[in-house]
Amino acid sequence: MTTETAREVRQVSSRGLGAYRGYRPPPGMISWALHRVTGLGVLLFLLLHIVDIFLVNYGPETFNELLFLYRHPVFRIGEIVLVAGLYYHAANGVRIILIDFWPQAYRYERQLFYGVIAVFLLAFVPTAILMIRAILV
Amino acid sequence: MLVTVRVQRFNPETDSKPYYQEYTVEVEPTDRVLDALNYIKWYHDGTLTFRRSCAHGVCGSDAMRINGRNRLACKVLIKDLGPKITVEPLLGFRIIRDLVVDMEPFFAQYRAVMPYLINDEPPPVRERLQSPEERELYDDTTKCILCACCTSACPIFWTTEWLGPAAIVNAHRFLFDSRDRATEERLAILNQKFGVWRCRTIFNCTEACPRGIQVTNAIEQVKRRILFEQS
Ligand code: SF4
Ligand code: SF4
Ligand code: FES
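Chains as they are written, first to last, in this note's numbering: chain A, 1 to 137; chain B, 1 to 231.
No wet-lab data here; the hints were simulated from the structure.
One or more hints might be untrue.
Claimed, not checked - Each pair of labels, with its calculated beta carbon distance range:
#: 1; chain 1: A; residue 1: E79; chain 2: B; residue 2: I118; range: 53 to 59 Å
#: 2; chain 1: B; residue 1: E133; chain 2: A; residue 2: F101; range: 21 to 27 Å
#: 3; chain 1: A; residue 1: R107; chain 2: B; residue 2: P29; range: 30 to 36 Å
#: 4; chain 1: B; residue 1: F194; chain 2: A; residue 2: Q111; range: 27 to 33 Å
Unchecked claim - Calculated from the model, a selection of chain A residues having no Cβ within reach of chain B, i.e. all distances over 10 Å:
#: 5; residue: A19
#: 6; residue: G22
#: 7; residue: L40
#: 8; residue: V42
#: 9; residue: Y70
#: 10; residue: H72
#: 11; residue: V83
#: 12; residue: D100
#: 13; residue: F101
#: 14; residue: G115
#: 15; residue: T127
Note that the Cβ used here is the ideal one computed from N, Cα and C, for glycine as well.
Same shape as in the complex, but just chain A (with noise of 0.2 Å):
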């Protein structure tokens, strides 16, 4: 229409990312987003260990030096933050699968993260434990 003025309407929107911090988080929502954050941890590790066996290739003074780098204190306690990633991956998955192909889970979806937190400090503590007592000697 050509009476209409030229006024700017503009386009609000809320999606993307940002749409997260507008939806307060069921604990599907919070399992979910741990999973996709340890994923991608685990996936960064391993092509971190994929470029470090590449390494070997330069011969063994080079590997060993970067082995020197996976003594230092800060990689030992990320070590620890791996394995917890991949401990929490490893029972979500679990918890996914059961959802998949078990028709009943869908009924105890907010049991079975609960269960899954609980065996995820029951593998956990112990291995922290044995890892802390590992860098401190």
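Since the structure of chain A is provided, determine the placement of chain B with the ligands on it from the hints.
Just chain B with the ligands now, kept in the frame of chain A:
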């Protein structure tokens, strides 16, 4: 009971981005959020814009975020929220004004699954018989009122164009109906890249559905049907 209602407002002709406005209103604890919004609109600020029609949880027009979760304003009691209430439009849609969002993409997703009975066989002399057990298979998904609480609660929907839970619920309603004959076509639609496989079983949809539909369960049933019948 005195409550403070914090409403996200936006007028595309005058505002560059949404902002919040607070209203203090006197309500009964047994009033619903919709009553508070009506009160604001009728006695405080006639410019406040929102959709509602039936006011009894059957038309699906007043879905919005109430204290950060998708709910129907006509089904949430003030006493369950306390004296501070935040009301915002649904996520993932273009805001037309204040709490009114553009639902067209949502209905396009709905139409994409052919949400109607398809059966070209000649009609029998009497009705097409269905046993109570057969009827039970899709009973849950007949309850949908297309309010979009589920789809706009889905984190995948916020970042990706995909069918979304509501469309799958309505596909499920016909997929599991023994009288329908379009199973293959519908499964083919749902089996596409932006069909059921985008669902990451986050359960936000189930948590949000005001009709209590087990949305994620319906989606998982469709996934298993594709997996076991189509491969
Ligand atoms: S269960 Fe699937 S459809 Fe429902 S919110 Fe989660 S990802 Fe979205
Ligand atoms: S499944 Fe529930 S939340 Fe989704 S549109 Fe239907 S009634 Fe609304
Ligand atoms: S006004 Fe109809 S569902 Fe709330």
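Tested hints:
1. Range check, E79 of chain A to I118 of chain B: Cβ separation about 57 Å, and the 53 to 59 Å hint holds.
2. A C-beta distance of roughly 23 Å is found between E133 of chain B and F101 of chain A, which places it inside the suggested range of 21 to 27 Å.
3. Under the hint 30 to 36 Å, the C-beta atoms of R107 of chain A and P29 of chain B, about 32 Å apart, fit the expected range.
4. Hint check: F194 of chain B to Q111 of chain A, Cβ distance near 31 Å, so the stated range 27 to 33 Å holds.
5. Non-interface call for A19 of chain A relative to chain B: violated, since the shortest CB-CB distance, roughly 4 Å, does not exceed 10 Å.
6. With a least beta-carbon separation of about 5 Å from chain B, G22 of chain A fails to lie farther than 10 Å from that chain, contradicting its non-interface assignment.
7. Taking the minimum C-beta to C-beta distance to chain B, about 14 Å, the non-interface status of L40 of chain A holds against the 10 Å cut.
8. No Cβ of chain B comes within 10 Å of the Cβ of V42 of chain A; the nearest lies about 17 Å off, and the non-interface call holds.
9. No Cβ of chain B comes within 10 Å of the Cβ of Y70 of chain A; the nearest lies about 34 Å off, and the non-interface call holds.
10. Under the 10 Å C-beta cut-off, the non-interface status given to H72 of chain A relative to chain B holds; the minimum distance is some 36 Å.
11. Separation of V83 of chain A from chain B is adequate, the least Cβ-Cβ distance of about 24 Å exceeding the 10 Å criterion.
12. A beta-carbon of chain B is positioned within 10 Å of the beta-carbon of D100 of chain A; the least distance is around 6 Å.
13. The Cβ of F101 of chain A sits about 8 Å from the closest Cβ of chain B, inside the 10 Å cut-off, so the non-interface label is violated.
14. A cut-off of 10 Å between C-beta atoms confirms that G115 of chain A is not in contact with chain B; the least separation is 15 Å.
15. Every CB of chain B lies more than 10 Å from the CB of T127 of chain A, the least distance being 27 Å, so the non-interface label holds.
Checked against the numbered hints given earlier, this structure breaks hints 5, 6, 12, 13; the rest are met.
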